[in-house]
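For the sequence shown, this note's numbering assigns the number 1 to the initial residue and increments by one for each residue that follows.
To be clear, the hints were calculated from the coordinates, so they are not data collected in a lab. Predicted model only: the values in this text are computed from it and were never measured. Every residue, glycine too, gets a C-beta built ideally from N, C-alpha and C. Worth double-checking, as some hints may not be accurate.
Restraint ranges, calculated between C-beta atoms of paired labels, are given here [what the hints assert, rightly or not]:
1) L17 x N59: 15 to 21 angstroms
2) I53 x L17: 19 to 25 angstroms
3) L48 x T14: 14 to 20 angstroms
4) N18 x Y44: 16 to 22 angstroms
5) I51 x T14: 18 to 24 angstroms
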Amino acid sequence: MAVELVSYRNNKSTEHLNRMLFILHSKRNPEGFLFLFRSILSAYKIILFYILILGITINN
Numbered sequence: 001m002a003v004e005l006v007s008y009r010n011n012k013s014t015e016h017l018n019r020m021l022f023i024l025h026s027k028r029n030p031e032g033f034l035f036l037f038r039s040i041l042s043a044y045k046i047i048l049f050y051i052l053i054l055g056i057t058i059n060n
């Protein structure tokens, strides 16, 4: 269950990264850097979530 969730989140974050890079490279969007900053924050939250899940599975 936890492994499926982690792999699902990995796929979603990869999609998110691709979309983020695409938006960053498109010159028409001036909010690209703001979006990048927000994405980095959400990626940080996802990493904390991974650490939490790993800690729970190791302790059990």
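Hint-by-hint comparison with the structure:
For the pair L17 and N59, the beta carbons lie near 30 angstroms from each other, so the given range of 15 to 21 angstroms is not met. Against the hinted window of 19 to 25 angstroms, the Cβ-Cβ separation of I53 and L17 comes to about 20 angstroms, which satisfies the hint. As the Cβ distance of L48 to T14 is approximately 18 angstroms, the hint placing it in 14 to 20 angstroms holds. Between N18 and Y44 the C-beta distance comes to about 19 angstroms, which sits within the given range of 16 to 22 angstroms.
Restraint check, I51 to T14: a C-beta distance of roughly 19 angstroms satisfies the suggested window 18 to 24 angstroms.
When held up to the earlier numbered hints, the structure conflicts with hint 1 and nothing else.
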